[in-house]
Amino acid sequence: KAGVTQTPRYLIKTRGQQVTLSCSPISGHRSVSWYQQTPGQGLQFLFEYFSETQRNKGNFPGRFSGRQFSNSRSEMNVSTLELGDSALYLCASSLGGTSIADTQYFGPGTRLTVL
Amino acid sequence: AQKVTQAQTEISVVEKEDVTLDCVYETRDTTYYLFWYKQPPSGELVFLIRRNSFDEQNEISGRYSWNFQKSTSSFNFTITASQVVDSAVYFCALSLSGGSNYKLTFGKGTLLTVNP
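Those protein sequences? They're chains A and B, same order as listed. For the first sequence, position 38 matches number 38 in our numbering, and the numbering has no gaps at all. For the second sequence, position 100 matches number 100 in our numbering, and the numbering has no gaps at all.
Source of the hints: derived by calculation from the structure; they are not laboratory data. Keep in mind that this is a model prediction, so the values were computed, not measured. Check before you lean on any hint, since a few could be wrong.
[To be verified] If you want a taste of the chain A side facing chain B, the calculated C-beta under 7 Å gives, among others: (1) Ser31; (2) Ser33; (3) Gly42; (4) Phe45; (5) Glu52; (6) Asn56; (7) Leu88; (8) Ile100; (9) Thr103; (10) Phe106; (11) Pro108; (12) Gly109; (13) Leu112.
Where is the CB? At the ideal position from N, CA and C, for every residue including glycine.
Whole structure, please, built from the sequences with the hints as guidance.
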């Protein structure tokens, strides 16, 4: 079974631009979560989607948004990029649909550099 | 709010040594889940183990073993006879049940370097 895929793997943008990152979950997984990883803050939860609905949201400004499509693929968007948005963005998928914590399986990440 | 502490920022060992990575967690919930992930230089987080709060049995998988102690809120990870391929950053994580069950709270990670 194919793992979680993320595109693109690397991205360079300039301040003020916007960016869209894509994530395809493992087949059959309906929950997709996004995390930001930086050297200073570590791994931080951004948001989680299930059946095209955002179920959980972390403490990030409104510039960070996401969506999920009917095939469970997800995109996250960051508008008005700031230097501090430079990070590794990781997507994780899990079965979803239960009240317990399914295991989340992570993709390889998208390395975003903001100049 | 929940919190995960990995006090060891970096550990360096020589191949074949045993090494234990510490993880201490904080939560007021009685139902929670603990995880360990490995992050090699490639960047992808690799799932190692998941344990729920009602299962305090220790687990062994090959050279890996985990010691879960609710009394001390710890979930430590031991690698026996370490190998160079074990070099990576290891993260301990916590999630709750119910509405926040898909939000993982991670520790800062422990960088393990295994030297030949």
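These are the hints, each one checked on the structure:
no., hint, result
1, Ser31, "holds, 6 Å"
2, Ser33, "holds, 6 Å"
3, Gly42, "holds, 5 Å"
4, Phe45, "holds, 5 Å"
5, Glu52, "violated, 15 Å"
6, Asn56, "holds, 5 Å"
7, Leu88, "holds, 6 Å"
8, Ile100, "holds, 6 Å"
9, Thr103, "holds, 5 Å"
10, Phe106, "holds, 4 Å"
11, Pro108, "holds, 5 Å"
12, Gly109, "holds, 5 Å"
13, Leu112, "violated, 12 Å"
Checked against the numbered hints above, the structure breaks hints 5 and 13 and satisfies the rest.
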